[in-house]
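There are 2 protein chains.
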Amino acid sequence: MEVIQTLKEFIEKRSKFNNKSIGLVPTMGNLHRGHLSLVTESLRNNHLTIITIFVNPKQFGAHEDLDKYPRTLTQDCSQIERISLDFPEKEVIIFAAKSVCEIYPVGFDTSISVGKITKILCGKNRPTHFSGVTTVVYQLFQITKPDTAYFGLKDFQQFKVISKMVQDLLIPVKLKALPIVRDDSGLALSSRNQYLTPEHKLLALVLPATLKRLKDIIIEQGLANALALKKDQLNEKKWDYIEILRQDDLQTPDSKDKSLIILGALTIGTTRLIDNLLVEL
Amino acid sequence: MEVIQTLKEFIEKRSKFNNKSIGLVPTMGNLHRGHLSLVTESLRNNHLTIITIFVNPKQFGAHEDLDKYPRTLTQDCSQIERISLDFPEKEVIIFAAKSVCEIYPVGFDTSISVGKITKILCGKNRPTHFSGVTTVVYQLFQITKPDTAYFGLKDFQQFKVISKMVQDLLIPVKLKALPIVRDDSGLALSSRNQYLTPEHKLLALVLPATLKRLKDIIIEQGLANALALKKDQLNEKKWDYIEILRQDDLQTPDSKDKSLIILGALTIGTTRLIDNLLVEL
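In the order they appear, the protein sequences are chains U and Y. Numbers given in our numbering equal positions in the first sequence, counted from 1, plus 25. Numbers given in our numbering equal positions in the second sequence, counted from 1, plus 25.
Hints in this document: simulated from the structure, not taken from any laboratory. Keep in mind that the hints are not guaranteed to be accurate.
Since the list gives no way to pick out one identical chain from another, each pair is judged satisfied if it fits inside one copy or across any two copies.
[As the list claims (entries may be wrong)] Using 35 Å as the maximum straight-line C-alpha spacing, the simulated DSBU-like pairs for lysine-lysine come out as follows:
| id | residue 1 | residue 2 |
| --- | --- | --- |
| 1 | Lys38 | Lys115 |
| 2 | Lys141 | Lys38 |
| 3 | Lys283 | Lys45 |
| 4 | Lys141 | Lys93 |
| 5 | Lys283 | Lys33 |
| 6 | Lys45 | Lys201 |
| 7 | Lys170 | Lys240 |
| 8 | Lys281 | Lys33 |
| 9 | Lys83 | Lys226 |
| 10 | Lys240 | Lys141 |
| 11 | Lys41 | Lys263 |
| 12 | Lys256 | Lys123 |
So that you can see chain U by itself, here it is in the shape it has in the complex:
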């Protein structure tokens, strides 16, 4: 395993693997078991696994938590090291850019934006968020040139947005999405969970519990009942959003749709949490 902090060194190292299969796990660091499941999947399926650790300023809004976002490089490396011991024949590079300029050189002034699908859910009140995501993911793809890139399904909308970019811009990278990893209480793992007090964590459980309740209602009483309940009872202020949509395009489903997703976001204290649950009928 090797940790590289400059683009120059990374490009040099990367050029030695031109004929090998390469998996990319792009992260903002502060790794938890969700990230590690992606690393494991990549290790299993590729000769070289590249984990990028980059807290991308472009995807944070002006009043969001860019500065306090947890940076834990030493622990992140130890966790990856531990997992990679199970794959002694595989190669691992951690590319942890030592400064923002390694990814966006001084004067960088180009952005990639996806349209309609970025205007809803997590994009509704965060107009530059997804453009920040697609720009950095594009850039990391150009730098690392992976065969396959791995993403967690907790950020379902993000995965859809990235998939749209890859499709539209004819980017030759396969995308693979892995299931949400949860803690024992049912809370989806997130680097932001550590902002929560024990009391906040209890309050946060309303998120997975509500998704589960809606899923049960969809299965037992049908989509129309679940949509009605959502409309009547869940329009409280605490929700940033809670939606039942089609998995495929994140549009409003009708009774013929078989693959649905329930997505929710809420802010507890100053911490914004998201979660989702797939429903196959």
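Using the hints provided, position chain Y relative to the given structure of chain U.
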């Protein structure tokens, strides 16, 4: 020479040239000697020259001339054919997408935008123009995968914008810009010149003449005098803009700058013309 009208056929054909040097001349058709100088330069320097002909809707504003923009595929092909006879050992493909869907499939919803440099000059009153340009050029690069792409310097700002995109997004294509080609009267060749009546054409000559006058003043009396003249006498309504800027970054020059450019745009009748003149001190 081969004319291809679908993406599928083009991709198949293109795959046969993977180890050859490839030049791309992206155009909107209605070729004039300006375009043909690019084709000749590409023929000279590459095994395969690809000329794309695509009137790109994304770079036209809502009230611009998309519908009436001249489409002259048969003549365009004859002109290219004639030139390519001088290069019997070289290959030529014209990719003239038969519909917009060949370049932007149904549902296409991604855009690439460059920032600051697109907000001035031709971008000032055309907020989506350059994003349309960068998106289509990116897409044509992905489809054609050229080693070198050729552009005319008449659209100097466009060349700068595309260069910025290529630099920022780490796109492995060399860009080459060729001088403006003018008719005998001094008017820069443009597909839009044919919208002009003979009387309009005479009026249009104020554009190259003014650029030339400013260039002479810069050389004979210095930049400050030229800037003063521009400010005092050229602020008439007929100009969309007339600016003396640094070639490098299209910012306001100071007395130390040696590479300048004078750029002008004016609308004659309903036809918008642009032109520029480089000044090396």
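Right, here's what the structure says about each hint:
no.: 1; hint: Lys38 / Lys115; result: within (15 Å within a copy, 37 Å between copies)
no.: 2; hint: Lys141 / Lys38; result: between (38 Å within a copy, 34 Å between copies)
no.: 3; hint: Lys283 / Lys45; result: neither (39 Å within a copy, 49 Å between copies)
no.: 4; hint: Lys141 / Lys93; result: both (30 Å within a copy, 29 Å between copies)
no.: 5; hint: Lys283 / Lys33; result: between (48 Å within a copy, 32 Å between copies)
no.: 6; hint: Lys45 / Lys201; result: both (18 Å within a copy, 34 Å between copies)
no.: 7; hint: Lys170 / Lys240; result: neither (38 Å within a copy, 47 Å between copies)
no.: 8; hint: Lys281 / Lys33; result: between (52 Å within a copy, 33 Å between copies)
no.: 9; hint: Lys83 / Lys226; result: within (28 Å within a copy, 48 Å between copies)
no.: 10; hint: Lys240 / Lys141; result: within (26 Å within a copy, 47 Å between copies)
no.: 11; hint: Lys41 / Lys263; result: neither (51 Å within a copy, 59 Å between copies)
no.: 12; hint: Lys256 / Lys123; result: neither (47 Å within a copy, 47 Å between copies)
Violated hints, listed in ascending order, are 3, 7, 11, 12; each of the other numbered hints is respected by the structure.
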